[in-house]
Amino acid sequence: MTPPDITVPPASGGASVPQAEARLASLLTTNRGDRVYRVLLTGLALALPLLLVTILLELYTSARPSLARFGWAFLWTSVWDPVAEIYGAAPMIFGTLVSSLLALLIAVPLALGVAIFLTEFAPRPLRRPVAFVIELLAAVPSVVYGFWGLFVLIPFLRQVVVPPLKAVLGWTPFIEGVFYGNSMLAGGIILAIMIVPYIAAVSREVLLAVPSAQREAAVGLGATRWEAVWTAVLPYGRAGVFGAIMLGLGRALGETMAVTMVIGNRHDISLSVLQPGYTMAAALANEFSEATTDLYLSALFEVGLILFVLTVVVNALARLLVWRVARGAAIGSRAL
Amino acid sequence: MRPSTGRILTSVLATALAAAPLAAQVRLNGAGATFPNIIYQNWMLTYNQQFDNVELNYQSIGSGGGIRQFSDNTVDFGATDAPMTDSAVAAIKGNAHHIPTVLGAVVPTYNLPGSRGAIRFTPALLADIFLGRLTRWDDPRLAAANPGVALPSLDVLVVHRSDGSGTSFVWTDYLSKVSPEWARKVGRGTSVNWPTGLGGRGNEGVAATVRQTPGAIGYVELGYAEQTGMPAGQVQNRAGTYVTPNVQTVTAAAAGAMTAMQPSTDFRVSITDPPGADAYPVASFTWLLVRRQYPDAAKARELVKFIWWALTEGQAQAPKLGYAPLPKTMLPWIQATLATVTAAGHPVWTGPKPR
Amino acid sequence: MIAPRLRRRVGSAIMTTLVVALCLLAVLPLLFILGDLTVKGASSIDWNFFTKSPVPAGQTGGGVANAIVGTGIIVGLACLFGLPIGIGAGVFLAEYGSGRLGWLVRFVADVLNGTPSIVMGIFVWGWFVKPLGHFSALAGGLALAALMIPMVARTTEEMVRLVPHSLREAALALGYPRWRTSLRVVVRTALAGIVTGGLVAVARIAGETAPLLFTALGNLNFSTNILQPMQTLSLQIYVYATGPFDEWHRLAWAAALVLMALVLGLAVLARWATRQRDGTG
Chain W
1 MTPPDITVPP ASGGASVPQA EARLASLLTT NRGDRVYRVL LTGLALALPL LLVTILLELY
61 TSARPSLARF GWAFLWTSVW DPVAEIYGAA PMIFGTLVSS LLALLIAVPL ALGVAIFLTE
121 FAPRPLRRPV AFVIELLAAV PSVVYGFWGL FVLIPFLRQV VVPPLKAVLG WTPFIEGVFY
181 GNSMLAGGII LAIMIVPYIA AVSREVLLAV PSAQREAAVG LGATRWEAVW TAVLPYGRAG
241 VFGAIMLGLG RALGETMAVT MVIGNRHDIS LSVLQPGYTM AAALANEFSE ATTDLYLSAL
301 FEVGLILFVL TVVVNALARL LVWRVARGAA IGSRAL
Chain U
1 MRPSTGRILT SVLATALAAA PLAAQVRLNG AGATFPNIIY QNWMLTYNQQ FDNVELNYQS
61 IGSGGGIRQF SDNTVDFGAT DAPMTDSAVA AIKGNAHHIP TVLGAVVPTY NLPGSRGAIR
121 FTPALLADIF LGRLTRWDDP RLAAANPGVA LPSLDVLVVH RSDGSGTSFV WTDYLSKVSP
181 EWARKVGRGT SVNWPTGLGG RGNEGVAATV RQTPGAIGYV ELGYAEQTGM PAGQVQNRAG
241 TYVTPNVQTV TAAAAGAMTA MQPSTDFRVS ITDPPGADAY PVASFTWLLV RRQYPDAAKA
301 RELVKFIWWA LTEGQAQAPK LGYAPLPKTM LPWIQATLAT VTAAGHPVWT GPKPR
Chain Y
1 MIAPRLRRRV GSAIMTTLVV ALCLLAVLPL LFILGDLTVK GASSIDWNFF TKSPVPAGQT
61 GGGVANAIVG TGIIVGLACL FGLPIGIGAG VFLAEYGSGR LGWLVRFVAD VLNGTPSIVM
121 GIFVWGWFVK PLGHFSALAG GLALAALMIP MVARTTEEMV RLVPHSLREA ALALGYPRWR
181 TSLRVVVRTA LAGIVTGGLV AVARIAGETA PLLFTALGNL NFSTNILQPM QTLSLQIYVY
241 ATGPFDEWHR LAWAAALVLM ALVLGLAVLA RWATRQRDGT G
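Residue numbers (my numbering), protein chains in the order written: chain W, 1 to 336; chain U, 1 to 355; chain Y, 1 to 281.
Derived from the structure by calculation, the hints contain no laboratory data. Glycine is no exception: its CB is placed at the ideal position from the N, C-alpha and C atoms. Treat the hints with care, as some may be off.
Here are the simulated DSS-like cross-link-like pairs (lysine-lysine), alpha carbons at most 27 Å apart as the crow flies [to be verified]: (1) U:K305 - U:K320; (2) Y:K130 - U:K93; (3) U:K320 - Y:K130; (4) U:K320 - U:K93; (5) U:K299 - Y:K130.
Which bits of chain W does chain Y cover? Going by a derived footprint, with three or more residues having C-beta under 8 Å, they are [said to hold, decoys possible]: (6) 64-75; (7) 165-175; (8) 278-289.
Chain W is faced by these chain U residues, among others (derived, beta-carbon under 7 Å) [claimed, not checked]: (9) I61; (10) G65; (11) D139.
Construct the entire structure; sequences and hints are all you get.
Here it is, written out as structure tokens:
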């Protein structure tokens, strides 16, 4: 008689007690290892939601005194006066949004150009090197960007870019006033350079995920290569590309070192990009270790909380959009 | 390839253990003002080299940060040019001494292309510039104070501190004394609501920004202007003289304050806008924040020893670095204060007996 | 009247040229940065640079030895905490991550990946530095580890997923229990990719400055004590770049070049290691 196959359930009513016991025993031994393994891995994985919740809690409890004192008005008060102990984050929020939007304005055409070039137009031998160079842009540390911005970009702007810009557009409220060097413009440009690789990498993966049937169908109908991209590929990947842009936005919102080195660090709301400005991240970098009173520190924690919530929301939306086109894959994670 | 976790762990532990002193090496961490940073770095490097058993580390993050960290107990000593307020001292149960270490001057430094002599500033001019009312270098008011000097037609770009700063405190203290409008609108403090200008981090940041921005004007400690080859403006004092900031004029500024000081002083005095024909109007003491009681006797002892060394041997370094030595008459009073620093109930003073 | 087809051809040609031009423009800054770093920094790299610690402001002859060692130690600490948790989470996502918990963890990882590093810094300050009472390299390492974990988790998941199912099924069919299959067969096969992901994460955090501002703080002396403040290359560059002294600027360029070489070296190594398995480049 062949030994009973333990992976096959015994015929009903046929198993003898010793056979059932043997089966149970071997099931238990293998399952224990599996169970332990799974529990261990689950525990490690739970560290992530735990981290998120802990950060949120820590920020919230430290920000509570400021939240209690200023309430919602914190978001639109533009006074930041540590002497009178009145704090309002409006200039920082304004600066964060403006610098990021300015960065997007510059970065999106560049990044989409890169992504489309890499997926559609680049000859084979060029693809890897160009993609590699773009990824290298993402690897440059923020402080190095800031350093370069301070010593190379700002003098370049001052001498080469701003004079003609002022001559042509100086009548608009966006290009008026004196150019200090450290300004919203410098901040926006540096941010743009920094987020191009993220938008480009994710857009590229999104475009690669578009089924080639779309492209082929368009070409089959007589479209030129560009028209195929414009009418068939891009619209299909629209959600994902939008998600890529939002990812870039999320990155720009939280960028600290490069911005704080070139933006001028001034709590002020101004329409002109030639004026110095401030962002939430830059303010935290500058003022956190020096907040002299508890309320000051709490106000800074509140700024951190606002920044955190803002980036979480933007990133969540971005990832949801990207997942729509490329289900659940770790898109762009290598480009980080 | 990346070494295994085990190997990383052991090597980190080994290094950490190797760093743990076999001899009793005392590590002292301090943080605070950027104003005296140039001389503090000089002192600490010299002291570290001379005395093997002590390692001093100082982070120049601004007086505001120094006070905060000292109060939070995250450093052994703080440094500030803005004395702690009574309420701040009360908040840490009075466990603080202000020990003056050196005198310095806050000077208006600027970046004007083309060389010329030092620009002269009256108190009113400085107030107007920092209030944002005087926005061109070729403004007639500036020209009036600087006859015969070719002022360029550039915009005045004000640079102030973006961090909590004792240097700002001294500057705004001075402006509050000489300009009622400034006192009303802005006031004095380590961090104020600046009417105009952009922020630099630390004396270092302000000096750097002014240096890189044509037409900029900022306020820095004299040493920063001297060490970087930047000009320092002359400021008109109470007696009406345009004074160049240097060792003599700063010492003269302190002399006036000394006449008013008692031996029982806690040293928290302001010497801006002093009387005296050749006194520089924007000078200041800078203080080390030292606790009255320390938990660790060895640390407290070494700290007090270092401070005394700085107050005696270290003072010789001051003039060439852009500072001025303390008035000699202050020393016995500081000695008496240092002698009251205790650890676990016992005084840690090991120097000569205070007279 | 221009024939429609010609118009379309010309339009397409213009757009194609525009795309190429934009791509070139995007690549330009990197070339400038690398060029500037090399030109301005290479001449300052000498023996002193690597072996000496900083000297007081205004003097010459200092180096960044303390920063180089500090970077190594703090990054090492970050790996100590970040790699096990990150890799574990990544393997979880790949092996057991198809349910709701997996969706949640994956989502949180992606969201945390976008968290500003300065927020991580103030979080670790409030949670670790303040209660402990002093700044330390350990706190800096924890802040960087918190940044590393979501990165490593996602790259690990991706790499483990790439292992063909047939390997898994073969092992199971031979009687290996599930945990052993996962560990000895699947993860081992994906190990090169996991290590690469780790390298990329290390390259990212090696250049971080913001989270270290209030955790490791910085130290001008040479120190290897993880419970004391410590300097890193990124912090040193920040301090020197924003200072007024020419000597500092000179050292900052050199330090930036060294940091870039380190980061780029790691990134290149990572790319090279996955070159074989990833055909799309």
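Quick rundown of the hints versus the structure:
no. : hint            : verdict
1   : U:K305 - U:K320 : holds (24 Å)
2   : Y:K130 - U:K93  : holds (19 Å)
3   : U:K320 - Y:K130 : violated (39 Å)
4   : U:K320 - U:K93  : violated (39 Å)
5   : U:K299 - Y:K130 : holds (21 Å)
6   : 64-75           : violated (count 0)
7   : 165-175         : violated (count 0)
8   : 278-289         : holds (count 5)
9   : I61             : holds (5 Å)
10  : G65             : holds (4 Å)
11  : D139            : violated (14 Å)
Hint violations for this structure: numbers 3, 4, 6, 7 and 11, all remaining hints satisfied.
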